[in-house]
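In the order they appear, the protein sequences are chains B and R.
To get my numbering, take the position in the first sequence, counting from 1, and add 39.
To get my numbering, take the position in the second sequence, counting from 1, and add 1350.
By construction, these hints were calculated from the structure, which means they are not laboratory data.
As the structure is a prediction and not an experimental result, all values here were calculated from the model.
Do not take every clue at face value.
Pairs of lysine-lysine, DSBU-like flavour, derived with a Cα cap of 30 Å [stated by the list, open to error]:
1. B:K191 to R:K1523
2. B:K118 to R:K1523
3. R:K1523 to B:K265
4. R:K1523 to B:K268
5. B:K268 to B:K144
6. B:K265 to B:K118
7. B:K265 to B:K150
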Amino acid sequence: MNITLKVWRQKNADAPGALVEYNVAGVVPEMSFLEMLDALNERLVAEGQDPVAFDSDCREGICGMCDLVIDGQAHGPDKEATTCQLHMRRYRDGDVVTVEPFRAKAFPIVKDLCVDRSAFDRVQAAGGFVSINTGNAVDGNAILIPHDEAEKAMDAAACIGCGACVAACPNASAMLFVAAKVSQYALLPQGRPEREKRVLAMREAMDQEGFGHCTNEYECEAACPKGIKVSNIARLNREYLRAALTSD
Amino acid sequence: MVAAAGLLLCGFLAAHLLGNLLMFAGGGAFNAYAEALEHNPLLPLAEIGLVALFVLHIILSVRATVINRAARPEGYRVYRGKGARTPGSRTMALTGTLILVFIVVHVATFKFDLGGLKGPDLYGHVLGWFANPWYAAFYVLAVGGVGLHLSHGAQSAIQTFGVSHPRYTPLLKTAGLGFAFLIFLGFASLPVYFGFVQKRQACCTGGAHS
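Isolated chain B (complex conformation) (with noise of 0.2 Å):
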């Protein structure tokens, strides 16, 4: 089949952008959207023009890597899919489908496709971890865990950090993310003993980056590809207020 792609072309940080239409011929439905897009770069490396520049990596859906914004919606049509998890069946012969980066101030693009989501990184490192003593490992049953809230901390880890929950926010809000990076310590002994200390610097460092503010639009959930629930925000408000009230 044949797809007409709108896709968002920037040399780089500073330049303006612009949608520049390709057609993409020989599309077959077994393609996942990243090789269609594969199939196009090599055309045009073959006709010496510039590749469209975006990001891939497992191409599984468990890196976290791609983030593409097609027709409107973080990581396309499907629900709790990754872009790479998107495949050509989705579409007919042809269809005009426009491809954008994720857009955020704190999502600044580097070029094309490709945007910088260092700054989840940054909130992560202001308090999205445990701080032990590593060492021998300790007895795997020395801490007992009610296996409900395992599970719950689970379903907050299983956050890969795509940043579609900001693409999709109308303000841009990385609430979703830090919720569940916040949750998936505060669920468990490990996580506690930081807990305040952890969800005042996350949300801090959260709002240095530019991200907007919640206004509970649950766009986040409807378009994160690990299903990672806005009960969790609820969690990050308590937790957050009880920091708030409690920590010195």
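On the provided structure of chain B, position chain R as indicated by the hints.
Okay, now just chain R, sitting in the frame of chain B:
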């Protein structure tokens, strides 16, 4: 803070509505209620508190909106989302502005008597304004805005306070929607009844006001 002020304002709305619904009990009951309220020595204090809540709610919302707009300097050429937004959530700024305009008109006409319709009692004063179909229609439109604003605001405040329970949160959210709808229905019933229904009855059947 936006949520806290918003919830307190909801409390005011509920109390205000209950008082207003006394209009259905006739002029005597409504006027007696208004008299009692006006002579309550705590009224100025409540008014100051109310204004403070509104100012706080508005300033912080505007500030958040400015920050949120700045968080995405260049918008999407195509933005569709995945259907989580609601008509209420999309229009918070619009309905908020509508409510502010309405409150200014509302306080100017009913409290400070702009337009000079003040009669011997408040009941007649209100009926005088509702007799103007434009005023009554604007009133309905504005309380519709209040309902839409609350349809997002109520559940949003619940989330902001960190309330999250697999069974009770959906119930609370439904209750929030119900509250928004009741507030709309309650306030809209007054201009609709006194401005349109009763007026038509009066003209066509020769019936008198209660």
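Outcome of the hint check:
1. With a C-alpha separation of about 22 Å, the suggested pairing of K191 of chain B with K1523 of chain R holds against the 30 Å cut-off.
2. With a CA separation close to 24 Å, the supplied pair K118 of chain B and K1523 of chain R stays within the 30 Å bound.
3. Note on K1523 of chain R and K265 of chain B: the hinted pairing holds, with a Cα-Cα distance of about 24 Å set against a maximum of 30 Å.
4. Annotation: proposed proximity of K1523 of chain R to K268 of chain B holds, straight-line Cα distance about 16 Å (limit 30 Å).
5. Under the criterion of a C-alpha separation no larger than 30 Å, the hint pairing K268 of chain B with K144 of chain B is consistent with the structure, at around 24 Å.
6. At roughly 9 Å between alpha-carbon atoms, K265 of chain B and K118 of chain B fall within 30 Å of each other, so this suggested pair holds.
7. Pair hint K265 of chain B plus K150 of chain B holds up; C-alpha atoms about 26 Å apart against a cutoff of 30 Å.
Violated hints for the displayed structure: none, as all numbered hints are satisfied.
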